[in-house]
Amino acid sequence: MGFVQMDPTKDVDPPEALMKAMEEHIAKAVAAGVFLDGGGLDGGQECTEVRLAGGKVTTTDGPYAEAKEIVGGYSVLEFRDHAEAVEEARRLVELHQQHWPGWEGSVVVRRIWDAPPPQA
Amino acid sequence: MGSDADPVVHARVTAVWRRESTQLVAALVRVTRDVDLAEDLAQDALVAALEQWPDAGIPANPGAWLMTVAKRRAVDTFRRNAALREKTAELGHQMPDGQEAEMPDLDATVDHVEDDVLRLILLTCHPALTPESRTALTLRLVAGLTTAEIARALMVKESAVGQRITRAKRTLAEAGFALDLPVGRERTERLDDVMSVVYLIFNEGYTATAGDAWVRPDLCHEGIRLARMLAALEPRHPDVHGLQALLELQASRLPARTDAAGHPVLLEAQDRARWDQLLRRRGLAALDRALAVARERDLPIGSVTVQAQIAACHARARTAEETDWPRIAGWYDALAASAPGPVVEVNRAVAHGRAFGPQAGMAVLDAVDPAALPGSHLLPSVRGDLLARAGRHREAADSFAEALALTGNEAERTLLTGRREECLRAAGDR
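Taken in order, these protein sequences are the chains called A and B. The opening residue of the first sequence carries number 1 in the working numbering; numbering runs sequentially from there. The opening residue of the second sequence carries number 1 in the working numbering; numbering runs sequentially from there.
Anything over 10 Å on all C-beta distances counts as not near chain A; from chain B, calculated:
hint : residue
1    : T68
2    : D76
3    : V156
4    : A173
5    : L179
6    : G184
7    : N203
8    : R272
9    : L284
10   : A336
11   : S376
12   : L406
Between beta-carbon pairs, the in silico distance windows are:
hint : chain 1 : residue 1 : chain 2 : residue 2 : range
13   : A       : E104      : B       : T319      : 47 to 55 Å
14   : B       : G57       : A       : V30       : 23 to 31 Å
15   : A       : V50       : B       : K157      : 56 to 64 Å
It is worth saying that the hints were derived from the structure and are not from the lab. Beta carbons: idealized from backbone N, C-alpha and C, even for Gly.
Using the sequences plus the hints, can you model the full thing?
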């Protein structure tokens, strides 16, 4: 699982070139059999976080409002190990660097928890 | 290789390698027309990466970097061969026409990535090879696994895997394999061979024939990845989508197939909340694609897609009780007609038993010749199940005992022992 996180104060509409490069990149990952699911997430106009803290439910305008950060997209990929997932994240960041001048952000790699492997 | 390298960089180089090796080897096979040489060149490039990247850093496009190094070495090799040819010519042994030291168009390599990979899969599943060799060679060249990883996955000695691969490459060289992508009927037949290998790899992981573990997820994972690859490469063939559907659906149940202690949990007892919903959705979508392509091109669906239909029936049932057994029995009838065999009959017996009662199942089972499944625990364990359902517990216990004597898998043994004891208790209560 990878999240693309970015700073919303910058231009939120990705340039055409990046979209095209991402499309090619994803097509390759599909052909390699590692891409399971993914998509872009809307800029954050309709992004609300409902939170329970200290027994109080609060509603704020977006999960990353305080940190000034939004999630731009996500992908679910399947790799043999963490190193492969990190390599994928590195390429995603480089694609953004190449096709979106001034972009700043990060790709966060998280492992989806699955049931403990059967005992050998 | 690179044992003194920084382990973090080493892990990253390995990750890049796994990601790029298929395309790299595939392109090099096309250019050199020599599997051995192609793999050597690719390995050389990997060694160069291990030497240079720790200091120079990993390049922005590591795949292109590896390809450049490999190409350079290929050119060197061809030059050396050209020199060799000149010397041979001087000695009066003229090379036949058309075998000039013409350099292949190396720069065209990047333009045909999909064709290259498909060609590589068709090659590693070549009919001249035994199924074992096809499996090992596919895992090596297409999945990019090391000999050690393949040995671990297949539970054979590393030296045996090495030999199998060497022999397979020699067979291919001797067979003078054609690198042209087959067309028409031949293409369909070759794809069937490829699908069998992918199915075999997955199946070996899904129900391990040897060892203590019931499933080997790494092999399942490779099988499913290959199936997805194939579906992306050959989207106009309905059954590749059917194969992908089948494997995704079966894999979606993996998390529920064993309990915390690693013991097998049968389909009807599985906690369906633990099924992987993403894989389930992907499997059902792939099945829809298979049917859509078949409809569009007016092609029949093959046995693998029928199996996917059966898997989909299970996937659609929210509870075991909701399972549409009559429909499954119908698909098994179709499967028995298109791909007859004793294993299909045994499964058909289970489906008919569930759909129309144990007697109906027994009728199907009784028609199976035990000699067709020598040494298999399948027949007696299914008979045991049907007998137990019919309330004939003592006979059921005998059947389970018979099955127990035949299984080599520890986890399955535990399950059968449990069922036998259950039957004995039930018989004693009467």
